[in-house]
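Number of protein chains: 4
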Amino acid sequence: MQLGMIGLGRMGANMVRRLLRAGHTAVVYDANPDAVKQLAAEGAIPAATLEEFVAKLEKPRNAWVMVPAAITDKVVEQLAALLEADDTIIDGGNSYFRDDRRRAASLQPKGLHYLDVGTSGGTHGLDRGYCMMIGGDKVAVERMDPIFKSLAPGRGDIERTPGREKLGGTAEDGYLHCGPSGAGHFVKMVHNGIEYGLMAAYGEGLDILANANVANQKHEADAETAPLMNPDLVFDLNLADITEVWRRGSVISSWLLDLTAAAFATDPKLDGYSGRVSDSGEGRWTIMAAIDEAVDCEVLTAALYARFRSRKEHTIAEKVCSAMRYQFGGHLEKKA
Amino acid sequence: MQLGMIGLGRMGANMVRRLLRAGHTAVVYDANPDAVKQLAAEGAIPAATLEEFVAKLEKPRNAWVMVPAAITDKVVEQLAALLEADDTIIDGGNSYFRDDRRRAASLQPKGLHYLDVGTSGGTHGLDRGYCMMIGGDKVAVERMDPIFKSLAPGRGDIERTPGREKLGGTAEDGYLHCGPSGAGHFVKMVHNGIEYGLMAAYGEGLDILANANVANQKHEADAETAPLMNPDLVFDLNLADITEVWRRGSVISSWLLDLTAAAFATDPKLDGYSGRVSDSGEGRWTIMAAIDEAVDCEVLTAALYARFRSRKEHTIAEKVCSAMRYQFGGHLEKKA
Amino acid sequence: MQLGMIGLGRMGANMVRRLLRAGHTAVVYDANPDAVKQLAAEGAIPAATLEEFVAKLEKPRNAWVMVPAAITDKVVEQLAALLEADDTIIDGGNSYFRDDRRRAASLQPKGLHYLDVGTSGGTHGLDRGYCMMIGGDKVAVERMDPIFKSLAPGRGDIERTPGREKLGGTAEDGYLHCGPSGAGHFVKMVHNGIEYGLMAAYGEGLDILANANVANQKHEADAETAPLMNPDLVFDLNLADITEVWRRGSVISSWLLDLTAAAFATDPKLDGYSGRVSDSGEGRWTIMAAIDEAVDCEVLTAALYARFRSRKEHTIAEKVCSAMRYQFGGHLEKKA
Amino acid sequence: MQLGMIGLGRMGANMVRRLLRAGHTAVVYDANPDAVKQLAAEGAIPAATLEEFVAKLEKPRNAWVMVPAAITDKVVEQLAALLEADDTIIDGGNSYFRDDRRRAASLQPKGLHYLDVGTSGGTHGLDRGYCMMIGGDKVAVERMDPIFKSLAPGRGDIERTPGREKLGGTAEDGYLHCGPSGAGHFVKMVHNGIEYGLMAAYGEGLDILANANVANQKHEADAETAPLMNPDLVFDLNLADITEVWRRGSVISSWLLDLTAAAFATDPKLDGYSGRVSDSGEGRWTIMAAIDEAVDCEVLTAALYARFRSRKEHTIAEKVCSAMRYQFGGHLEKKA
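These protein sequences, in sequence, are chains E, L, W and R. Okay, so the first sequence: first residue is 1 according to this note's numbering, each after it adds one. Okay, so the second sequence: first residue is 1 according to this note's numbering, each after it adds one. Okay, so the third sequence: first residue is 1 according to this note's numbering, each after it adds one. Okay, so the fourth sequence: first residue is 1 according to this note's numbering, each after it adds one.
Only chain E is shown next, with the shape it has when bound in the complex:
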């Protein structure tokens, strides 16, 4: 089958490669001509302009947009102006699901299909396959099934879920039509929300292990310092070994743990990282959706807030607490 790909960054380029390997053809376009040239050298059909891109695609066209969320609207608009009824635009980035619903509604009068595809797998997807969560109309989803099947990881040697044999569908192959427009990015959004939570859970646990020798450290005894309750916190633990041992047979084994073990294996104190943790929107949207649903989600929210805090020197909230303590108790802040 044929796919058109707009945006040849880390994700888009590797998706094209995975499709080429599987015997599909691809028309590729990127604002950066070098990125196009590179993929052409690997067997893709190059396009120098969006017009050429559209012209080279077989009808009905499947144009996958893989660009930063901030410019998705512009690209979709330009593309829509060039496409014809029954063509399909696929947004494979990290759009907000409400934008998907708005876009799908605006493209419908022209007869265009719009699919929102949340894609997980990161830079490992080329080899590992991409887990895809898809929203949009059934016709377009089914038509593109060969593409999704090739991009997805497939069943591999992962043990089958008991009871799954009765359920059917594509979920076992690593891609899923989740529902109408927006459903794909909604599920991916929550996936990322969970991801934040899992990451923070490992992070906090490892932090507790890293500080398990607190009783060996000098402890000040003044009215501004809480006394140590537990004299048994005397452990100097090896986080590289601990994350490694958990990879086999433990209840908390996971792919994120594999990555953590890899990080500690070569950087045992993680000195290569400052600890400023970015967030790219999905975590925030997850919490906003949860609040609208009146679903309490303390863990996911705490994980998001820890990222916010990680990027600051100090907050106003902290200064307010210090100021109150000075006002009611004459407490002076301790120096760092």
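Hints were generated in silico from the structure; no laboratory data involved. Treat the hints loosely; a few may be bogus.
It does not matter which identical chain is used: a pair holds within one copy or between any two.
[Said to hold, decoys possible] Cross-link-like lysine-lysine pairs, in silico, DSS-like; alpha carbons within 27 Å at most:
| id | residue 1 | residue 2 |
| --- | --- | --- |
| 1 | Lys59 | Lys334 |
| 2 | Lys218 | Lys74 |
| 3 | Lys312 | Lys335 |
| 4 | Lys312 | Lys59 |
| 5 | Lys218 | Lys59 |
| 6 | Lys59 | Lys166 |
| 7 | Lys312 | Lys334 |
| 8 | Lys166 | Lys269 |
| 9 | Lys110 | Lys56 |
| 10 | Lys110 | Lys59 |
| 11 | Lys37 | Lys56 |
| 12 | Lys74 | Lys59 |
| 13 | Lys269 | Lys312 |
| 14 | Lys335 | Lys269 |
| 15 | Lys110 | Lys37 |
| 16 | Lys74 | Lys138 |
| 17 | Lys138 | Lys269 |
| 18 | Lys138 | Lys56 |
Based on these hints, arrange chains L, W and R on the given structure of chain E.
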């Protein structure tokens, strides 16, 4: 009545002053002779040694210990060796309630009473009076009632709680016999746990107000930065005025708000504070008690953790999250 | 001065009464004619229709809308159609600040002023006065100053904030022009967010006190039950007395504590309440604003989530945890 | 090699079976004679009493205790009275690490070794192998290496961690000597703390997905109900398919996700679970250690608290909030 006071720091000295003003007498001792001299000049009976302190007290003696928690055990032990049956030791510091129960049990064979008195009011207590939460045996508590009454704020001009007229007791006067040994410091411990929560609630709210102009600021548009959803966050707010206006008639008026308004009135950005917030034990013990009781207390815990975090540059947890992001997505940390 | 009031519920009616007492006049309208009749009997000028309401107002008109948030838009629209340039609509309800900005923008072409006034004080405002946070253009705010001054609590006998004498303004009188359109409801929104946090802090602390006798209770010893660590949790505490004693001299004294003491004074176990806690929007909007500002606000969020959870039997999240425990450990759920 | 096993429940019996399969011999004892008989039929050497158990073991003896935490102390004491210098007691249960340190210290004068072994893997360990975290003296750990190696999962076909080839050690085989006495159970304790966090993260995310159709539901419009902000929450999602699709190629794939997918595959609404989630101590101890270390761990704490809350009808904290709302605003609770 007469009270002996050991420890003439900020709290102890002012409590003596408040008693003297009320017509009581006080024998005072402190490791620092200047502190003793100062109080003697104000009418207290000075003691140069612990022995002299005990000798000058009328029987049955009432010896109030107001020293840092870290040395309370030592002082109580030395004092107990000098006292006689039916004398009373009062621990007015911030002891852990389990230490109170241990001490009370160890003093009982000798016939000594032991009272644990949690004292709130901070440096304002001299004028405002001290709110006291008392644990220990009834005999000693009732015997010392005149002292407690004078230290306490009294009813003042605070409006009476509807329904209170049927209940009686001393709570309206600002002091309360809460229960057996440890009960006083337990109630004070939870009081401080609540205090942390209240402080953090004001702090967070003011932080949200302080950042309400985020839409006016330059916002980066890259895959590492969440897009701003809300273009209406354009407010430059005056926190000094806002904390002041809430003092009158609002649902969130409180003494802590009064102090906050005072801080902002002279330091509108709180530039005088770095934001490193100490914790002195009670907040931690509150959470530990809650966990043992299986009581979920997210708010109080979050307030404690925010203090922990405020004293750090970065946590291992944050570095772990950064390391994972690099491993799965090639994400590089953004510079400060 | 004269004010028109639309909506004579608990809040609107009492605001009119407070204005009448202060010597102002008021034109009143409500969908319920009995409410209008009642206020007319107390000295207000009644209006049977919106048209009559507008006709009876002196120019430039000041029309205060005090209706449920869900119908504010409709009322504002109907009113705007009847008003003339330089008239002012005041929304005194709990509107979302973004709706204020939208409304203000839509009314501007017609020359109408729009003020958003967040009002705190609840059912006690008639006597205590209303704390008001005002957004909108300066002309309209200043013109209505006599109304705001009379509705507000005034300085009363509350001690002056040190440093306040140099700052001036109306904050000390209990009302404040916070900024442009939306700023009033934004500040009120965060006020309510803080309110949730304060309430939860007291609630959690009192919960820990209420369960302080856990060591006296029978404790199961099986693999599904965590062992009790702390045998000293033996306290039967009197929450009515404790909330009362904290009212005087303690660091955590506040108006909300006064109300809590009143609740416990007549209902010592709060048996009159089931514990299903509503939320009316402001807490949610506060968190959404915080997330957009990247301000971590764990305490306020936890307070909101506790309300969500309080209204449910069980969550999917809980069932997922039970299901996992069964899958990996064969753990069966314990019966209630 | 030979191992003695005391306690033939779910965990102990399967560990014996795994050792027998690997060619080791085992002496087995349990208070329940049927459990002993069963294992004897599978090739273990039965013991009818603790004395017989000790007598049948080769010297130096290795006695593994796998009993509920509540009776571990008693069994260890009885066993220690029968053993000789250089024998080893292994506690494979879920002891508190401070108890391990106390036990090790008390057994040392007699020349006995004491190992604390945290064991993860649950009921799947027989086939999957047991991940073991070991604390205690090196001599005993090294002597028992063949036993640990056979119980552990081994490297299997799990991809090697990059950089691991330079590090050596046993972590890759699924067992690890973590440090001195207590270190094994400390690491296992934090493992369980992380486990709670991971479970809650999946649980909350799935809850948000399960409620993603909130805009399709009837929504009340009164002052006690927050308005729905987001009309796009119209998704009816299939959680069985979604948990399945995430198993392949997604960032959040894990063993816990595998189990979750299995639960949903046969019970798509989890109707088989009520949602009362037990906790067995390790999560609590993790938080207590974190607090003593001043490590903020919001996520792990929130996960624990959610379990506490899941086992209650309503909390005092909730009733306090309802009572305050009634007091300041006359708000009546909505019915369930």
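I want to check one pair: Lys110 and Lys56. Are their C-alpha atoms no more than 27 Å apart within a copy, between two copies, both, or neither? Cα proximity of Lys110 and Lys56: one copy only (21 Å, versus 53 Å across).
If the cutoff is 27 Å on CA atoms, where do Lys218 and Lys59 land: within, between, both or neither? Let me know, please. neither (73 Å within a copy, 43 Å between copies)
Intra- versus inter-subunit Cα pairing at 27 Å for Lys110 with Lys37: neither (33 Å within a copy, 58 Å between copies)
Homomeric proximity label, Lys74 with Lys59: Cα distance no greater than 27 Å: within (23 Å within a copy, 49 Å between copies)
For Lys269 and Lys312, with the copy left unspecified, which applies at a CA distance of at most 27 Å: within, between, both, or neither? both (22 Å within a copy, 16 Å between copies)
Could you place Lys59 and Lys166 in one of the four classes (within, between, both, neither) given a Cα distance threshold of 27 Å? The answer is neither: 36 Å in one copy and 54 Å across copies each exceed 27 Å.
Check Lys166 against Lys269 for me: Cα-Cα at most 27 Å, and say if that holds within a copy, between copies, both or neither. Between copies only: 16 Å across, 47 Å inside.
With identical chains treated as interchangeable, where does the CA-CA distance between Lys312 and Lys335 reach 27 Å or less: within a copy, between copies, both, or neither? This pair counts as both: shortest intra-copy Cα distance 18 Å, inter-copy 11 Å.
Using 27 Å as the alpha-carbon threshold, which applies to Lys59 and Lys334: within, between, both, or neither? Neither. Shortest intra-copy (70 Å) and inter-copy (43 Å) distances fail the 27 Å Cα cut-off.
When no copy is named, should Lys37 and Lys56 be tagged within, between, both, or neither for a Cα gap of at most 27 Å? within (16 Å within a copy, 76 Å between copies)
Measure nothing new, just compare the shortest in-copy and cross-copy C-alpha distances for Lys74 and Lys138 to 27 Å and report within, between, both or neither. within (25 Å within a copy, 39 Å between copies)
Go through the copies and call it for Lys110 and Lys59: within, between, both or neither, with a Cα cutoff of 27 Å. within (16 Å within a copy, 52 Å between copies)
Going down the numbered hints, you'll see the structure goes against 1, 4, 5, 6, 15, while the others check out.
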